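S.K.: Read off the chains here:
Number of protein chains: 2
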Amino acid sequence: LDERALLEVVKGIIGKDCCLDDCAVFSCNGYELVATTDMLHTSTDFPACMTDWQIGWMSAAVTLSDIAAMGARPLMLLLAVGLDRSGRLHDIMKGAEACCISVGTHVAGGDIDNHHELTIVSSGIGYAKKGRIVRRKGSRPGDCIGVTGVPGRAQASLSGYREFDRSLTEPKPRVPEGIALSSAGATSMMDVSDGLSFSLYDMIAANSCGYSIQSSKIPLPHGINPELALPMALYGGGDFELLFTIPAGSLPVQGVAYTIIGEVIPEREVLLDGIPMEKRGYEHTWDR
Amino acid sequence: LDERALLEVVKGIIGKDCCLDDCAVFSCNGYELVATTDMLHTSTDFPACMTDWQIGWMSAAVTLSDIAAMGARPLMLLLAVGLDRSGRLHDIMKGAEACCISVGTHVAGGDIDNHHELTIVSSGIGYAKKGRIVRRKGSRPGDCIGVTGVPGRAQASLSGYREFDRSLTEPKPRVPEGIALSSAGATSMMDVSDGLSFSLYDMIAANSCGYSIQSSKIPLPHGINPELALPMALYGGGDFELLFTIPAGSLPVQGVAYTIIGEVIPEREVLLDGIPMEKRGYEHTWDR
Numbered sequence: 001l002d003e004r005a006l007l008e009v010v011k012g013i014i015g016k017d018c019c020l021d022d023c024a025v026f027s028c029n030g031y032e033l034v035a036t037t038d039m040l041h042t043s044t045d046f047p048a049c050m051t052d053w054q055i056g057w058m059s060a061a062v063t064l065s066d067i068a069a070m071g072a073r074p075l076m077l078l079l080a081v082g083l084d085r086s087g088r089l090h091d092i093m094k095g096a097e098a099c100c101i102s103v104g105t106h107v108a109g110g111d112i113d114n115h116h117e118l119t120i121v122s123s124g125i126g127y128a129k130k131g132r133i134v135r136r137k138g139s140r141p142g143d144c145i146g147v148t149g150v151p152g153r154a155q156a157s158l159s160g161y162r163e164f165d166r167s168l169t170e171p172k173p174r175v176p177e178g179i180a181l182s183s184a185g186a187t188s189m190m191d192v193s194d195g196l197s198f199s200l201y202d203m204i205a206a207n208s209c210g211y212s213i214q215s216s217k218i219p220l221p222h223g224i225n226p227e228l229a230l231p232m233a234l235y236g237g238g239d240f241e242l243l244f245t246i247p248a249g250s251l252p253v254q255g256v257a258y259t260i261i262g263e264v265i266p267e268r269e270v271l272l273d274g275i276p277m278e279k280r281g282y283e284h285t286w287d288r
Numbered sequence: 001l002d003e004r005a006l007l008e009v010v011k012g013i014i015g016k017d018c019c020l021d022d023c024a025v026f027s028c029n030g031y032e033l034v035a036t037t038d039m040l041h042t043s044t045d046f047p048a049c050m051t052d053w054q055i056g057w058m059s060a061a062v063t064l065s066d067i068a069a070m071g072a073r074p075l076m077l078l079l080a081v082g083l084d085r086s087g088r089l090h091d092i093m094k095g096a097e098a099c100c101i102s103v104g105t106h107v108a109g110g111d112i113d114n115h116h117e118l119t120i121v122s123s124g125i126g127y128a129k130k131g132r133i134v135r136r137k138g139s140r141p142g143d144c145i146g147v148t149g150v151p152g153r154a155q156a157s158l159s160g161y162r163e164f165d166r167s168l169t170e171p172k173p174r175v176p177e178g179i180a181l182s183s184a185g186a187t188s189m190m191d192v193s194d195g196l197s198f199s200l201y202d203m204i205a206a207n208s209c210g211y212s213i214q215s216s217k218i219p220l221p222h223g224i225n226p227e228l229a230l231p232m233a234l235y236g237g238g239d240f241e242l243l244f245t246i247p248a249g250s251l252p253v254q255g256v257a258y259t260i261i262g263e264v265i266p267e268r269e270v271l272l273d274g275i276p277m278e279k280r281g282y283e284h285t286w287d288r
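Chain order of the listed sequences is Z and L.
Each residue of the first sequence is one higher than the one before, counting from 1 in this note's numbering.
Each residue of the second sequence is one higher than the one before, counting from 1 in this note's numbering.
It is worth saying that the hints were derived from the structure and are not from the lab.
Just so you know, these numbers come straight off a predicted model, no measurement behind them.
Misleading hints may appear alongside valid ones.
Given that identical chains are not distinguished, each listed pair holds provided it fits within a single copy or across any two copies.
[To be verified] In silico SDA-like cross-links for lysine to any residue, where the CA-CA straight-line distance does not exceed 25 Å:
(1) 11 <-> 101
(2) 129 <-> 183
(3) 11 <-> 48
(4) 130 <-> 249
(5) 94 <-> 26
(6) 94 <-> 204
(7) 130 <-> 214
(8) 130 <-> 269
(9) 94 <-> 7
(10) 11 <-> 216
(11) 129 <-> 76
(12) 137 <-> 187
(13) 137 <-> 271
(14) 129 <-> 212
(15) 137 <-> 170
(16) 129 <-> 29
(17) 129 <-> 42
(18) 129 <-> 31
(19) 279 <-> 44
(20) 137 <-> 106
(21) 11 <-> 117
(22) 11 <-> 90
(23) 130 <-> 76
(24) 11 <-> 53
(25) 130 <-> 227
(26) 137 <-> 46
(27) 11 <-> 118
(28) 94 <-> 8
Required output: the full structure, derived from the provided sequences and hints.
M.R.: Here is the structure:
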């Protein structure tokens with residue numbers, strides 16, 4: 001049973017619309033608020049090379065990235081920390097606070113518990129003016145497909161390319177990029193933390209169109225043979241870049257480092273160089 | 001090192017004001033929003049008698065109780081579930097959703113992970129009109145000290161009085177009570193989940209006055225020898241009642257089951273029947 005199968009159980013109870021986006025969305029007096037929560041723990045989320053400061057940074061970054069993916073501005077972060085050793089708390093909090101400060105927000109509260117295995121849950125709230133939230137749903141045939149930064153760098157680090165270690169351990173949530181893309185008219189958006197392939201298949205599930213991308217246009221980590229680097233970008237996890245769609249007429253978007261990698265198509269399929277793309281990526285599994 | 005000592009580490013990093021209340025508070029366009037997060041897991045929070053449905057209910061209740069303690073109305077709940085077995089998810093979600101519905105809100109999203117030990121983090125957001133948030137700080141000498149319901153019932157269950165089991169396993173967050181007390185003019189409030197004693201000492205830490213209560217006034221669980229029941233109310237954990245202060249002139253508060261158990265005093269001490277009260281209660285400890 002994988003994460004996406006478990007999501008079906010959840011949808012049956014709390015409703016399907018609750019599970020379509022990186023954040024839950026609700027209205028508050030002319031603003032739209034978004035909220036999201038992410039659970040991380042040692043065995044599956046924190047490679048052994050990570051310092052406690054980086055673990056704190058990462059825990060904040062996953063949640064801030066979800067807020068960024070909605071085109072929202074973060075309001076605050078809450079951190080629930082299940083500690084295996086109490087001495088770790090200081091550096092974890094420092095790292096989380098540093099990540100928050102880097103995108104103009106802060107840790108506003110949390111909870112502390114003891115735990116057999118270090119477990120951190122970060123929850124975040126963000127806001128945007130009415131109509132400025134960008135969801136996964138909203139892609140229109142003819143829109144350009146874009147991605148910020150260079151996907152595949154986190155996977156490069158996991159594959160042993162040490163020069164990309166900080167991409168894996170200190171990922172930058174793309175908050176200003178998300179806000180700028182929202183302002184520019186992005187029609188749909190999500191983050192690519194499970195890889196480009198999974199993300200495009202998540203997009204198709206939320207829309208009634210399809211996605212066609214060209215491998216030659218995907219920016220790849222420098223200094224790695226492109227034949228090795230391309231699968232990292234397509235199927236590797238751990239990147240915090242934003243995948244978005246936007247009408248060609250809204251380009252270019254000032255102040256954002258992005259690349260157009262393809263086009264939204266009417267047919268309901270995900271194509272890589274014209275042929276159906278393998279649906280594969282970073283995946284949590286249960287009952288192993 | 002106990003939870004309160006670890007809080008000092010956190011205060012040094014994110015600021016002292018962040019740790020004074022049951023929730024973080026921030027303003028949004030004429031409203032005040034509150035947010036809180038709570039981590040629970042099998043070994044310390046879920047007695048073996050609990051069903052998965054009750055575990056879900058309890059996980060929602062702790063967070064909704066924190067929102068209630070601010071006099072706020074819950075907007076939504078997020079649930080991050082670290083599952084030891086995937087089959088547990090359905091009943092856990094059902095229980096959490098039932099608790100949310102009982103106080104007029106719902107589960108709006110979350111995260112699922114696999115975990116060695118069942119671990120649930122619920123995060124909630126609530127709101128109130130400007131000026132209607134009740135904090136721990138705000139008690140004034142002469143105010144009455146009140147408590148909702150009957151404290152000590154959860155501890156009675158833990159002590160083997162089976163007739164109180166549902167007080168322990170299906171605690172009711174006092175959301176309507178919190179809102180009514182806020183409207184009536186409560187000057188300070190918190191929930192008593194670590195026991196009356198700890199809660200009064202938490203109140204004194206947030207205020208510049210003291211608290212004097214009378215044991216004869218404390219409502220106690222029925223059918224238990226009062227000599228046994230009183231310590232349950234004072235030092236037992238797991239109750240979700242609200243402890244509050246309110247000017248005598250604002251009484252009675254309609255539609256709320258509460259008891260006045262004492263008075264706010266100018267001296268900075270917590271008194272039980274006129275003598276300093278033992279500071280003791282339910283406490284998580286680390287590095288055992």
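S.K.: Could you run down the list of hints and mark each one as holding or not?
M.R.: Against the structure, the hints:
1. 11 <-> 101: between (34 Å within a copy, 16 Å between copies)
2. 129 <-> 183: Within one copy only: 10 Å inside a chain, 30 Å across chains, cut-off 25 Å.
3. 11 <-> 48: neither (34 Å within a copy, 28 Å between copies)
4. 130 <-> 249: Cα proximity of residue 130 and residue 249: one copy only (23 Å, versus 43 Å across).
5. 94 <-> 26: Only across copies: residue 94 and residue 26 sit 22 Å apart there, 30 Å inside one copy, limit 25 Å.
6. 94 <-> 204: neither (38 Å within a copy, 29 Å between copies)
7. 130 <-> 214: The answer is neither: 34 Å in one copy and 52 Å across copies each exceed 25 Å.
8. 130 <-> 269: neither (31 Å within a copy, 49 Å between copies)
9. 94 <-> 7: For residue 94 and residue 7, only the inter-copy Cα distance (14 Å) is at most 25 Å; the intra-copy one is 33 Å.
10. 11 <-> 216: neither (37 Å within a copy, 50 Å between copies)
11. 129 <-> 76: Both ways: residue 129 and residue 76 sit 17 Å apart in one copy and 19 Å across, limit 25 Å.
12. 137 <-> 187: So residue 137 and residue 187 pass the 25 Å test inside one copy only (8 Å; across, 45 Å).
13. 137 <-> 271: This pair counts as within: shortest intra-copy Cα distance 18 Å, inter-copy 59 Å.
14. 129 <-> 212: Intra 31 Å, inter 48 Å, cutoff 25 Å: neither.
15. 137 <-> 170: neither (29 Å within a copy, 38 Å between copies)
16. 129 <-> 29: The answer is both: 10 Å in one copy and 11 Å across copies each meet 25 Å.
17. 129 <-> 42: Neither. Shortest intra-copy (37 Å) and inter-copy (41 Å) distances fail the 25 Å Cα cut-off.
18. 129 <-> 31: For residue 129 and residue 31, the Cα distance is within 25 Å both inside one copy (5 Å) and across copies (15 Å).
19. 279 <-> 44: within (21 Å within a copy, 40 Å between copies)
20. 137 <-> 106: between (29 Å within a copy, 22 Å between copies)
21. 11 <-> 117: Cα proximity of residue 11 and residue 117: across copies only (24 Å, versus 29 Å in one copy).
22. 11 <-> 90: Answer is between; shortest inter-copy Cα gap is 10 Å, intra-copy 37 Å.
23. 130 <-> 76: For residue 130 and residue 76, both the intra-copy (19 Å) and inter-copy (19 Å) Cα distances are at most 25 Å.
24. 11 <-> 53: Between copies only: 17 Å across chains, 35 Å inside a chain, cut-off 25 Å.
25. 130 <-> 227: Neither, since 44 Å and 58 Å both go past 25 Å.
26. 137 <-> 46: Neither: 31 Å inside a chain and 39 Å across chains, both beyond 25 Å.
27. 11 <-> 118: between (29 Å within a copy, 21 Å between copies)
28. 94 <-> 8: Between copies only: 14 Å across chains, 36 Å inside a chain, cut-off 25 Å.
When each numbered hint is compared with the structure, violations occur for hints 3, 6, 7, 8, 10, 14, 15, 17, 25 and 26.
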